[in-house]
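2 protein chains.
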Amino acid sequence: MTAFGTRLRAALDAHGPLCVGIDPHEHLLTEWGVDVSAAGVREFGLRVVEAASGRAGVVKPQVAFFERFGSAGFAALEDVLSAARGAGLVVIADAKRGDIGTTMDGYAAAWLTAGSPLEADAVTLSPYLGADSLRATLTTAVRHDKGAFVLAATSNPEAFALQSAQVVDVAAGDGQTVAERVARDIAWVNGSAAFAGGLGPVGLVVGATVDRAAVGLSDEALRGAPILAPGFGAQGAAPEDLPALFGAAASHVVASESRSILSAGPADIAARIAERAELYREALRG
Amino acid sequence: MTAFGTRLRAALDAHGPLCVGIDPHEHLLTEWGVDVSAAGVREFGLRVVEAASGRAGVVKPQVAFFERFGSAGFAALEDVLSAARGAGLVVIADAKRGDIGTTMDGYAAAWLTAGSPLEADAVTLSPYLGADSLRATLTTAVRHDKGAFVLAATSNPEAFALQSAQVVDVAAGDGQTVAERVARDIAWVNGSAAFAGGLGPVGLVVGATVDRAAVGLSDEALRGAPILAPGFGAQGAAPEDLPALFGAAASHVVASESRSILSAGPADIAARIAERAELYREALRG
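Protein chains in written order, with this note's numbering: chain A, 5 to 290; chain B, 5 to 290.
Same shape as in the complex, but just chain A:
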């Protein structure tokens, strides 16, 4: 197996930044004419995977919509993860897990271990218990050629107060924000290994429409880490905005869209994915 950053780089180079969110909302299940059930989310997920295959490099199943149906929903998710990996897509499980110590080992065993039924290529993590509490998980990810994306700054308005709060750290002597601290706390992973020509294995989640200056995320803070950027499509940012929004980091942004693609319905989703993917590639070429 090659390192996660290398696989991600290859996927972005081949297909461009688009990441297809697999978000089987109840209303989408109904629009697509599938059951609101574990069988329905399985069918929905497999159809999205089929449409994405060869047209985008990355997919991101949202775990909550499968978890909603309990163990049957997780069995459906296992099938979707397996189909997506089998199709050569880079699969980011959007689980936003975050805990400490041996509890995190449980999550790492679930999502980042070869042969686990929930095996993905990467998982999203939440750092409320301190990004440093994820250290062992990130080490496990690297060891298994897996990746992770740690929440840094998100574009929902309720998030700003927390993510822009100033860390009081007498030793550091500066007023870094929480989001900046997260970026610094994970930087060692990407810096300490040789990922020549690729990307580091551990990225950040940074919403496309976030005011990066206000939360302290300079281009420098984003250096080396892949960026998972929700907020494109129905959530506000356009593909052509990518270079302006992310500056020097634009070449390693994974631009996630869900509703704008899934709303095409089962008959048109493949064409919609191809069309949106091309818009991002054009933006980067331009």
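Heads up, some of the hints might be wrong.
Stretch by stretch, here's where chain A covers chain B in the computed footprint (C-beta under 8 angstroms, at least three residues) [as the list claims (entries may be wrong)]: (1) 36-49; (2) 60-69; (3) 131-137; (4) 153-160; (5) 165-173; (6) 240-250.
Distance windows between CB atoms, simulated [unchecked claim]: (7) B:Gly92 to A:Arg285: 58 to 64 angstroms; (8) A:Gly92 to B:Thr34: 34 to 40 angstroms; (9) A:Ser222 to B:Asp173: 21 to 27 angstroms; (10) B:Trp192 to A:Ala118: 44 to 50 angstroms; (11) B:Ala248 to A:Gly105: 44 to 50 angstroms; (12) B:Thr143 to A:Leu288: 38 to 44 angstroms; (13) A:His31 to B:Met5: 47 to 53 angstroms; (14) A:Ala218 to B:Gly195: 27 to 33 angstroms; (15) B:Asp215 to A:Ala118: 38 to 44 angstroms; (16) B:Ala91 to A:Arg227: 41 to 47 angstroms; (17) A:Glu30 to B:Thr6: 26 to 32 angstroms; (18) A:Trp192 to B:Ala218: 23 to 29 angstroms.
Negatives, chain A to chain B, calculated, CB over 12 angstroms [claimed, not checked]: (19) Thr6; (20) Ser75; (21) Thr106; (22) Ala114; (23) Gly134; (24) Pro161; (25) Glu162; (26) Ala191; (27) Ala242; (28) Ala252; (29) Pro270; (30) Ala271; (31) Leu288.
Just so you know, the hints here were simulated from the structure itself, not pulled from any lab data. Glycine residues also receive a C-beta, built at the ideal position from the N, C-alpha and C atoms.
Keeping the supplied structure of chain A fixed, place chain B upon it in accordance with the hints.
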């Protein structure tokens, strides 16, 4: 169904503050002589439930240790949750979920909805996306007579920088910490409904050994909300410390122990639970 706060108050009044953590670590499964598998975590969980029944009021299964085994692990967790609720225990699913909008609706449907296979009495939530992003979930909890515990301040050392960071809020004109902001952001739930004689439905996770002054969690900030306090037992705090650690809030603390109880093994766990539960009751009487 009665409100979650009322059920929790009754459980604490009947059995005292002890909450038994159901943490089927791999090394504990081996010590207990059960398989390291989904079947093993099911057996382990069911035995802990049986031992806790009638001896403690609250149990807290750690979801990560079940998730580790994928859908089969979730099926085991479903059985453990169902057995615990059937035994009249108040069940807190320690999932630390946190997301936004309709994604959180998925988690609420999973954990806080009657008839869901993963139905619990309450779930733990993580507020990195802003405690206000959990507003709809908390409303759902109240409507379904369920509860939630939102992470505020935890005792792992890596957490302090984030949880003590100062919110920059010109309108508020003060330097509240992230943990304090979380406490304020959830206060409306417990204040807006009539829970006469009981506790509010939404609590906070506050580690037993946290320096509450340093993270801005005064007795006033904890008023009305049930407190889920990990950090007792093997993690450092003793039952007799409870009144001094939590002051005026001690009467509504749920004191969680895991390793200190589970290490007793299957033969002795019932006696250990009874003994630890009595120590907490003595502490509150003293």
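Right, here's what the structure says about each hint:
no.	hint	in the structure
1	36-49	violated (count 0)
2	60-69	holds (count 3)
3	131-137	holds (count 7)
4	153-160	holds (count 3)
5	165-173	holds (count 9)
6	240-250	violated (count 0)
7	B:Gly92 to A:Arg285: 58 to 64 angstroms	59 angstroms, holds
8	A:Gly92 to B:Thr34: 34 to 40 angstroms	38 angstroms, holds
9	A:Ser222 to B:Asp173: 21 to 27 angstroms	23 angstroms, holds
10	B:Trp192 to A:Ala118: 44 to 50 angstroms	46 angstroms, holds
11	B:Ala248 to A:Gly105: 44 to 50 angstroms	26 angstroms, violated
12	B:Thr143 to A:Leu288: 38 to 44 angstroms	42 angstroms, holds
13	A:His31 to B:Met5: 47 to 53 angstroms	28 angstroms, violated
14	A:Ala218 to B:Gly195: 27 to 33 angstroms	31 angstroms, holds
15	B:Asp215 to A:Ala118: 38 to 44 angstroms	41 angstroms, holds
16	B:Ala91 to A:Arg227: 41 to 47 angstroms	54 angstroms, violated
17	A:Glu30 to B:Thr6: 26 to 32 angstroms	29 angstroms, holds
18	A:Trp192 to B:Ala218: 23 to 29 angstroms	26 angstroms, holds
19	Thr6	25 angstroms, holds
20	Ser75	4 angstroms, violated
21	Thr106	6 angstroms, violated
22	Ala114	5 angstroms, violated
23	Gly134	3 angstroms, violated
24	Pro161	8 angstroms, violated
25	Glu162	3 angstroms, violated
26	Ala191	15 angstroms, holds
27	Ala242	21 angstroms, holds
28	Ala252	26 angstroms, holds
29	Pro270	20 angstroms, holds
30	Ala271	24 angstroms, holds
31	Leu288	28 angstroms, holds
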